Amino acid sequence: EAGVAQSPRYKIIEKRQSVAFWCNPISGHATLYWYQQILGQGPKLLIQFQNNGVVDDSQLPKDRFSAERLKGVDSTLKIQPAKLEDSAVYLCASSLETQVPWTGYGYTFGSGTRLTVV
Amino acid sequence: AQKVTQAQTEISVVEKEDVTLDCVYETRDTTYYLFWYKQPPSGELVFLIRRNSFDEQNEISGRYSWNFQKSTSSFNFTITASQVVDSAVYFCALSEGGGTSYGKLTFGQGTILTVHP
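Residue numbers (this note's numbering), protein chains in the order written: chain S, 1 to 118; chain X, 1 to 117.
Since the hints were derived computationally from the structure, they do not count as laboratory data. Predicted model only: the values in this text are computed from it and were never measured. Cβ atoms here follow ideal geometry from the backbone N, Cα and C, with glycine treated the same way. Careful: at least some of the hints might be erroneous.
[What the hints assert, rightly or not] Covered stretches of chain S, going by a simulated chain X footprint (3 or more residues, C-beta under 8 Å): (1) 33–42; (2) 111–118.
[To be verified] One side of the interface only, derived from the structure: several residues of chain S facing chain X at Cβ under 10 Å: (3) ASP56; (4) LEU84; (5) ALA93; (6) GLU97; (7) THR103; (8) TYR107.
[What the hints assert, rightly or not] Computed spacing ranges between beta-carbons, pair by pair: (9) GLN83/X <-> VAL54/S: 38 to 46 Å; (10) GLN17/S <-> ASP18/X: 18 to 26 Å; (11) PRO8/S <-> ALA81/X: 37 to 45 Å; (12) SER42/X <-> ALA20/S: 18 to 26 Å; (13) SER42/X <-> GLN17/S: 23 to 31 Å; (14) PRO40/X <-> VAL73/S: 27 to 35 Å; (15) ALA20/S <-> THR78/X: 38 to 46 Å.
Take the sequences, apply the hints, and build the full model.
Set out below in structure tokens:
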């Protein structure tokens with residue numbers, strides 16, 4: 001079974017530029033998550049989709065971050081304009097489950113995109 | 001709100017030593033799930049174990065073992081006879097099983113484990 005695919009693997013941009021990350025979840029996984037992992041910290045959830053709808057975006061800085069999951073499959077996370085503090089690894093994860101009780105079975109992370117803002 | 005605390009920021013051991021990584025969690029839910037992940041220098045999160053709140057049995061997988069104690073809200077991870085390849089950052093994570101928080105993993109700060117030859 002193919003895993004969660006993310007691209008690009010690395011990205012370096014200047015502050016105030018825009019950047020986009022792409023995620024392709026495991027086939028059939030209805031729920032998709034974007035996490036931000038700042039160096040030296042654990043990942044933090046930014047946004048959760050179920051199919052093409054947003055379940056939780058309470059931690060997403062909406063003044064500069066946006067995300068979409070058209071057709072309930074691939075997802076794109078965008079930052080515009082980027083700030084120095086956005087330097088982090090952006091992890092995408094997907095899960096088969098769509099409702100409670102949730103068991104966490106098959107929750108899978110991609111390899112991440114490492115963003116450096118200079 | 002859920003919270004995970006990994007008090008050990010860094011641990012350094014010599015190969016073949018046993019090492020225990022501590023994890024303490026907070027949640028108001030009675031149904032929740034606990035995870036351990038390994039993050040090697042390459043950056044991907046490698047799943048190690050998932051344990052639900054109703055299963056307090058300890059688990060052993062090769063050199064790895066986990067001790068889950070609800071009474072102290074702890075889910076500790078022990079590596080027996082550590083090897084250099086165990087060097088990585090280890091994360092403990094928690095997810096509540098109900099409500100709108102399903103699937104949201106709350107991670108600890110991570111413990112950097114270095115195993116010296």
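Problem - Violated constraints from the hint list, given by number and in increasing order - result: Going through the list in order, the structure violates hints 4, 10 and respects the others.
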